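*Asks:* Based on these hints, arrange chain B on the given structure of chain A.
Respectively, the protein sequence lines represent chains A and B. Each residue of the first sequence is one higher than the one before, starting from 1 at the first, in the UniProt record's numbering. Each residue of the second sequence is one higher than the one before, starting from 1 at the first, in the UniProt record's numbering.
What the hints contain is simulated information worked out from the structure, not anything from laboratory work. What you are looking at is a predicted structure, and each value in this text was computed from that prediction instead of being measured. We put the beta carbon where it would ideally sit given N, CA and C, even for glycine. Take these hints with a grain of salt, some might be off.
Said to hold, decoys possible - Once the Cα atoms are required to be at most 25 angstroms apart in a straight line, the calculated BS3-like pairs of lysine-lysine come out as:
hint, chain 1, residue 1, chain 2, residue 2
1, B, Lys103, A, Lys208
2, B, Lys102, A, Lys204
3, B, Lys103, A, Lys108
4, A, Lys150, A, Lys45
5, A, Lys115, A, Lys212
6, B, Lys103, B, Lys15
To be verified - Computed spacing ranges between beta-carbons, pair by pair:
hint, chain 1, residue 1, chain 2, residue 2, range
7, A, Gly59, B, Ala144, 49 to 55 angstroms
8, B, Cys214, A, Tyr143, 52 to 58 angstroms
9, A, Glu102, B, His123, 35 to 41 angstroms
10, A, Leu189, B, Trp130, 21 to 27 angstroms
11, B, Ser134, A, Val192, 20 to 26 angstroms
12, A, Asn147, B, Asp46, 30 to 36 angstroms
13, A, Thr18, B, Lys216, 31 to 37 angstroms
14, A, Tyr205, B, Thr186, 56 to 62 angstroms
15, B, Ala96, A, Val192, 18 to 24 angstroms
16, B, Ala96, A, Arg213, 30 to 36 angstroms
17, B, Asn54, A, Asn164, 23 to 29 angstroms
18, A, Asn14, B, Val43, 34 to 40 angstroms
To be verified - So the derived list for chain A, only partly shown, Cβ under 8 angstroms to chain B, looks like this:
hint, residue
19, Leu34
20, Glu50
21, Glu52
22, Asp167
Listed below are the residues making up each chain.
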Amino acid sequence: MSWAFLRDLLSGVNKYSTGIGRIWVAVVFLFRLLLYVAAAENIWKHEHDEFECNIKQPGCENVCFDHFFPVSHIRFWALQLIMVSTPSLLVVFHVAYRENREKHHNQKLYKNPGKIDGGLLCTYLISLILKTGLEIFFLVLFYKLYNGFKIPRLVKCDIKPCPNTVDCYISKPTEKMIFLYFLVAASCLCIVLNLSELSYLMFKYSTKCYLKRHVNKQQ
Amino acid sequence: MDWGALQDVLGGVNKHSTSIGKIWLTVLFIFRIMILVVAAETVWGDEQDDFVCNTLQPGCKNVCYDHFFPISHIRLWALQLIFVSTPALLVAMHVAYTRNEKKRRFRNGEKIDIEELKNKRLHIRGPLWWTYTSSIFFRIIFEAVFMYVFYYMYDGFQMPRLVKCDAWPCPNTVDCFVSRPTEKTTFTIFMLAVSGICMMLNLAELCYLVIKVCTKESGK
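So that you can see chain A by itself, here it is in the shape it has in the complex:
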């Protein structure tokens, strides 16, 4: 069980998406998933071993690391990627449900089970809202947890059993910050794409509804 599962899921979702949805899949795939696996994971690999405090007191380093990194950045992003990709499953399930229904009744109930209209449109819009909500939630949580989008070179720690205030040094802070900004920017881009897709769909279907009603009135 690895990231390949997420990749297959995203490729499956691609089939039932709008144009903007496909761009979202490409962004998530290239700029977040691939970057995470190919680059970011290795930077954070030995973060605990390389975290060094200016003290010989046993246990002090452990306690300070735990205090400043309650959840490691890399695990946080993995969680974010998984949560943000999951609402797309709703659409896949709904299409599967439609196809199943057609098979069960042995007749063509829908012009095209994969076309975004009626109930599937609602599911699609809900999945978009959930995706956007989750992205914003994770960004805000990260900001609150780490006091901003920065990684300091030095942190001062005075938790027991550290005897006094102790200087602790984080490894590769600059490189970590570069990738942090990159992933935050990709996250913001995904939010923008989701919001534009949402407005595009709402605009398209409300004009369709309005025109239909107008035509009916004229008749």
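*Replies:* Just chain B now, kept in the frame of chain A:
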């Protein structure tokens, strides 16, 4: 999940590329991605562990390493590869859009051969020419930018054996030794050379496309 997935994406674009484009893709995969995965990652794997400074002061090594290597060479190359591969997506999207349009017209009743639609290679003309040419243009820009950033960040393309560091909390100027400098320099020069070759291929492809269109126009 690794670079293989990128290969699937780019492999799809290969069908609609020119011959030079196909050569570029082969060079990219064999000489850059494969070398990066197979060789460079093992060479740079222990870079911070084996970065040794002539001091017992805790924290000095971390700070000096961070100062001299703001971003590791391999991460920079991984970023370069991702950025350089991205413009090909524009072409893939354009092809998918054209196919979708044809499918829509078929559904509306026009006579189009479905098998031909699925497998036929789209010729690079009209709007696709513009998309393809701009994707090559962006590739060249990204390659050049990354090569310049590399040169600027590391003061050239050579990995020094010894760096002198006096960032706080190092007490005075401290000697720090980089691990495997010669091997790293060899790989750096190799990746630089392949990057240069890719840029030349892109320039050649760009010239070929422009000349093709100009001769067609003058032929008319």
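*Asks:* If a hint holds in the structure, say so; if it does not, say that too.
*Replies:* Evaluated hints:
no., hint, verdict
1, Lys103(B) / Lys208(A), "holds, 22 angstroms"
2, Lys102(B) / Lys204(A), "holds, 22 angstroms"
3, Lys103(B) / Lys108(A), "holds, 20 angstroms"
4, Lys150(A) / Lys45(A), "holds, 19 angstroms"
5, Lys115(A) / Lys212(A), "holds, 18 angstroms"
6, Lys103(B) / Lys15(B), "holds, 19 angstroms"
7, Gly59(A) / Ala144(B): 49 to 55 angstroms, "holds, 51 angstroms"
8, Cys214(B) / Tyr143(A): 52 to 58 angstroms, "holds, 53 angstroms"
9, Glu102(A) / His123(B): 35 to 41 angstroms, "holds, 38 angstroms"
10, Leu189(A) / Trp130(B): 21 to 27 angstroms, "holds, 24 angstroms"
11, Ser134(B) / Val192(A): 20 to 26 angstroms, "holds, 22 angstroms"
12, Asn147(A) / Asp46(B): 30 to 36 angstroms, "holds, 32 angstroms"
13, Thr18(A) / Lys216(B): 31 to 37 angstroms, "holds, 35 angstroms"
14, Tyr205(A) / Thr186(B): 56 to 62 angstroms, "holds, 59 angstroms"
15, Ala96(B) / Val192(A): 18 to 24 angstroms, "holds, 22 angstroms"
16, Ala96(B) / Arg213(A): 30 to 36 angstroms, "holds, 34 angstroms"
17, Asn54(B) / Asn164(A): 23 to 29 angstroms, "holds, 28 angstroms"
18, Asn14(A) / Val43(B): 34 to 40 angstroms, "holds, 36 angstroms"
19, Leu34, "holds, 6 angstroms"
20, Glu50, "holds, 6 angstroms"
21, Glu52, "holds, 5 angstroms"
22, Asp167, "holds, 6 angstroms"
In summary, the structure agrees with every hint in the numbered list given earlier.
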